[in-house]
Amino acid sequence: MAGSVAASAFFPGPGSSPAALARISKNTTGELPENLSVRGIVAKPNQPPAAMQVKAQAQALPKVNGTKVNLKTTSPDKEDTVPYSSPKTFYNQLPDWSMLLAAVTTIFLAAEKQWTLLDWKPKRPDMLADTFGFGRIIQDGLVFRQNFLIRSYEIGADRTASIETLMNHLQETALNHVKTAGLLGDGFGATPEMSKRDLIWVVSKIQLLVERYPSWGDMVQVDTWVAAAGKNGMRRDWHVRDYNSGQTILRATSVWVMMNKNTRRLSKMPDEVRAEIGPYFNGRSAITEEQGEKLAKPGTKFDGAATTQFTRKGLTPKWSDLDVNQHVNNVKYIGWILESAPISILEKHELASMTLDYRKECGRDSVLQSLTTVSGECVDGNTESAIQCDHLLQLESGADIVKAHTEWRPKRAQGEGNMGFFPAESA
Amino acid sequence: MLRCHTLPQCRLLAQPGAGAGVLRRRVAPGGTARWGAAPRVSGVEASSPSRAAVEGGERPSMAERLRLGSLLEDGLSYKESFIVRCYEVGINKTATVETIANLLQEVGCNHAQSVGFSTDGFATTTTMRELGLIWVTNRMHIEIYKYPAWGDVVEIETWCQEDGRIGTRRDWILKDLANGEVIGRATSKWVMMNQNTRRLQRVSDEVRDEVFVHCPKAPRLAFPEENNGSLKKIPIRTDPAEHSRLGLVPRRADLDMNQHVNNVTYIGWVLESIPQDIIDSHELQTITLDYRRECQHDDIVDSLTYIEEGEERCTNGSAFAAPHPEEQRQFLHCLRFAGNGHEINRGRTVWRKLAR
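The listed protein sequences derive, respectively, from chains V and P.
For the first sequence, counting from 1, position 158 maps to 157 in numbering that gives the first Met the number 0; every step adds exactly one.
For the second sequence, counting from 1, position 248 maps to 247 in numbering that gives the first Met the number 0; every step adds exactly one.
So here's chain P without its partners, still in its complex pose (with noise of 0.2 Å):
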């Protein structure tokens, strides 16, 4: 679904009181709210901050007044703050890696709808849907230095930004709303694509000044630091695993609304080889994944990992493999399908020891 929905371009249209920083949910240019209904409790209602930005009168809902992402004052990003359920924990106690993903991803999505593309889970501009043009993601990658728990408050700032001629980037940051600390950081790369041909374009002067007008013009990096993991390449192997996990079946509820695998899915999958006693001592720190092809629901998918050896670089300046220090253990993975081995996805994890 990252592909289908979340968007990383910005354009702002032409709202009254967006500015204000208020998310007006999904009103129809007819002007009507779906919740137009009046709330239960109307004397609330005027005492509300948020009347004064409404237009025409509609009076928010009381889940408008409980939307709690917003467009941040300069309009360049947006944030929004989630509690951990319960099934979204997994067998740490905290909240799984996939969760953290659909999270990213409703934020993603819920900052294009705030700032006016289209809702139908394409998110695209109307020059874009003339032209057929859809977003496909490259790589996502996310880092995670603390898990929530069941009951946490995280909240997710997110924007977009230019990212050389075809594409675009997307990064957020993700605090603990508690205490303002950061427990995590993910950037994503897009490229546009033609729906009908399948063949990436580059974005036309057309597009780029409806979709890049609200992002930040400096640029802006969830990952500034040189060299980092972000950037890393991940090559690809040809030697037998060392574990693997096939026959792998996608469920409906993995499918997204145009019945492709959704990326959150495959990060699951991911994941379904690495052995049990890594599972059991370590935890995930660091998903890199590269996108290349598209799975559907008849399809059957099998999951490698490799063991990579980490780089050292000795002192005249060439590196040679050693293996990483106790706490940590790193994976390069690959998704292909088991009928004829072509590759769907390729990537790197990184494992931490965890402090039992």
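Only chain V is shown next, with the shape it has when bound in the complex (with noise of 0.2 Å):
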């Protein structure tokens, strides 16, 4: 649906230190020096089991209609303002502060290492936390972060995540962090100060800029964020890396505008709305505005040489398509687009950019075909160079529902990538 990726901001900084620490004192357990826990830095090693508990259930099962409201960050938790307590106590007692500063820089270094490890095995089956990829909002609460390992019916034929997969992963992170914020009111990502206006999230522009693909197996690590953008739009930001190397996989951003969904209106940001995202909103960017640049607009034309078009009519949505609203999902358009690019450029190239601009959302019911224009000198097959293409997807009636441009290039041979594989026909 054109709506449905929404993403609000979340819960300032004091949200997440004390569970960071809360954490690490139950991870780090046998890890402190020694003289640490008898200073009481940290939350005794010894925290009753039923302490420990409750904060990994206060993050754990996140149901979406809110019967386990997110603890962290909207009841007075006692086991998270331990540890700013005990430096109180701490302050009168003892009196040397180098070894408080050292200790609390380990504490927090140690704490900037463990927010992405789940070392602990969960102890009882609802202890779950990020066990499962529920993800946990890091940096001072403005950055949102989860893991996905990389399934097996998301890889595409050349055995590499397909672009919808890792676009699901972006859409289901958005909501991931808008839902841990505590601002997930009706609907796919609205907050509920736009719930009660009938406002919400409409995507106008997305840019990804891909740097590999990932493989069956692999994990992923998402992290997103959200900025301003104009005075009545917002903007979501990406940075996809490999979970083990740290290699970025992709960095994507996009553009949202607010609508009334019974008028299907734009509208302006209510300031009531402004109060709840707008203390979250981080400057940083993952796609630079000169990356930006050069990166073609959708519908640019190919100047001088010939172009070929190519086109694939009688795309109909099914029902798996369609969100709770019933309308075509995001992702969704992207297949479609696709769908039109000779097979040629899609065997021996891949996806290295794409601009997507959304027109009109359709639903059930529509009838879509896709177009394709490729550049002249690139259709023939040759696989050295880089491709550039226009794409257009539109209802067969007319009207147009995504204009995309899209840049390809060869694909990297095979090496690691393959360990592991033993093709029938070579055994």
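Keep in mind the hints are simulated off the structure, nothing from the lab.
All figures in this text were calculated on a predicted structure; none of them were measured in a lab.
Don't take each hint at face value.
Anything over 12 Å on all C-beta distances counts as not near chain V; from chain P, calculated [stated by the list, open to error]:
1) Leu75
2) Lys216
3) Arg219
4) Arg250
With the Cβ distance kept under 10 Å, some of the chain V side facing chain P (calculated, not the full set) [what the hints assert, rightly or not]:
5) Ile137
6) Leu294
7) Leu321
We treat Cβ as the ideally placed atom computed from N, Cα and C, and that holds for glycine.
Combine both chains into one complex, guided by the hints.
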């Protein structure tokens, strides 16, 4: 659906740091220097199990319909505040500042590393936390991070994750971000103040830069954050990395506008909504302005060389393409856009960048056609060069749904990626 | 993809540490794990319990330790848990049946991999590859009692068994991890086919030895009850279909690694010809599909739906047709090539009324 992925902001710092410290106390129990636990700077290693479990449960199973509120952010959680209260006692008792400073630094550094580690085994099935990839807020509440394991059905014919899989992960993190921040109102991604006014987020533009594609069994780490886009819009960025190597997989940025879900008219951002999400805007950019400028806009004509156009008609949404509002999910459009890309490009090249301009939504009964224009010299299957394509997805009756522009580069040789694969033919 | 990936058989290679139930993912024979690169925080590794199980001093990566699937202690079945993601949820705010089918396939694949079958997507044993044999799905039967919602965690256990002379069976049980409740069951039948001649092949003793060594010897059925739905024949219907959706076209994403439409796509196509009022008021409880022919990118498919009346038995033992109770609807399905009308799949679905 056009408005399905929304990302609002989150809870600021205080919500996350004590959580991290509490987690540290649980995780690094055996690993802190002896004197630290003596001085009580960390909550006692033998914290009563009940406290730990409550803490874990707070993050464990956030239910969509709100039966389990995210305790970390909305209720005063005593376990969260224990680490903060200890230093007060500590100040009174022990005057050794340098030791204190060293200890605090060690803890915070360990916390930095530990935040994304799930080293503890859940003792009960409900202590799930991020074991299953719920994700967590990091960096003073301004960034949300979640990990995904690439599943077998998420890979394409070339055995790497499809661009749709990657986009699905972006959508999932955006929603989990909003949910974890306690700002999930009605419907997909709208905040409570928005829902009161029948407002929803609608995506207007997405830009992606892909550096490498993960394979089946790889773990990816997705970071996401929000920022302002003009006076009434919002920008959401993502940075996806390979979990183990830290190498960038993809960077993306998106622009969202607010729309009234009944009138379908664009709306200004009400002050109440600005108050909800404004504090969490993070100025960081996944794709810098210069990089953004270099990407051609959808609808750009190829000057000079002759072009070839390919068409695929008769595209219709299936039940599984629809979200809860029975609108087509954003990510499905990408599959349709690529339907008309010639197979010769898909076989030898991989998508390096994509810019999408969302124009209109479509629903269950729409029939669409996908047009791809490939710039002249690229069509003959020359595998050495980069390729540019311009795309148009429209209703067969005429209206434009999405315009896109893509750049492709020759596929890298499958080196390490094929480790462990034994093609049947060569056995 | 079910056809190629999910392997019903199990075979345990001599892998040290496999018995400990630790799943090592895709370690090439050379011994270098794909993620042999040192994980970022080395201090934590030392306390990992799975470290001991790993051969040759490789440290298990975060991904491997997060790997939630493992063989059960007796090595005869495999269990894994999955969280339902937002894009896997449909118009009812619950996971779609395609999502469930994808997860069944995923856990089947991972089971096969954990016991050493090939990871190229064909999940074959050495002997099978020598003889050019692959697995082909015959029938898939899924029953869902309670659909999971976004954020729920589903635990799936799977195992496989011999099924007569030419076939094998893979069964699954799905549970809600939070409360242990069974939310679904599934079973599938597979036969072996020669890749080149496309002819079915009996399971020879050689292959049987390789393949069934780690399957339960005593029959273990996801559907142990007599006359259960997974055994019911699906008749062919010659009358005009009450509902249809014509001209369905495979998308690129619907194709598996050998360019055939994957099994889960057929489920979506079957549902395409269900009328909107059923979709709005009912929930899919059971789907049974018999696979007959394969379909490729350039084919065009028609989806037909027939109402199936229930069968009641009257006192003298003969059956008569009667409508189903208000809460349940039942349909027969046919997917066929738009061009020549040949059958691709045959199916049955049972729907229960949504409590709105």
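Does V:Leu321 pass the interface hint, meaning its C-beta sits closer than 10 Å to a C-beta of chain P?
holds, 5 Å
Is the claim that P:Lys216 lies outside the interface with chain V correct, judged by CB distances over 12 Å?
Holds, because the least Cβ-Cβ distance between P:Lys216 and chain V comes to about 28 Å, which exceeds 12 Å.
Just to be careful: measuring from the Cβ of V:Ile137 to every Cβ in chain P, is the smallest value less than 10 Å?
violated, 14 Å
Is the nearest CB of chain V more than 12 Å from the CB of P:Arg250?
Non-interface label on P:Arg250 violated, nearest chain V Cβ at 6 Å vs cutoff 12 Å.
Please confirm whether P:Leu75 is truly not at the interface, meaning its C-beta sits more than 12 Å away from all C-beta atoms of chain V.
Given a closest Cβ separation of 22 Å, the condition holds.
Cut-off 10 Å, beta-carbon criterion: hint that V:Leu294 touches chain P:
violated, 23 Å
Are all C-beta atoms of chain V more than 12 Å from that of P:Arg219?
holds, 23 Å
In summary, the structure is inconsistent with hints 4, 5, 6 from the numbered list given earlier, while agreeing with the others.
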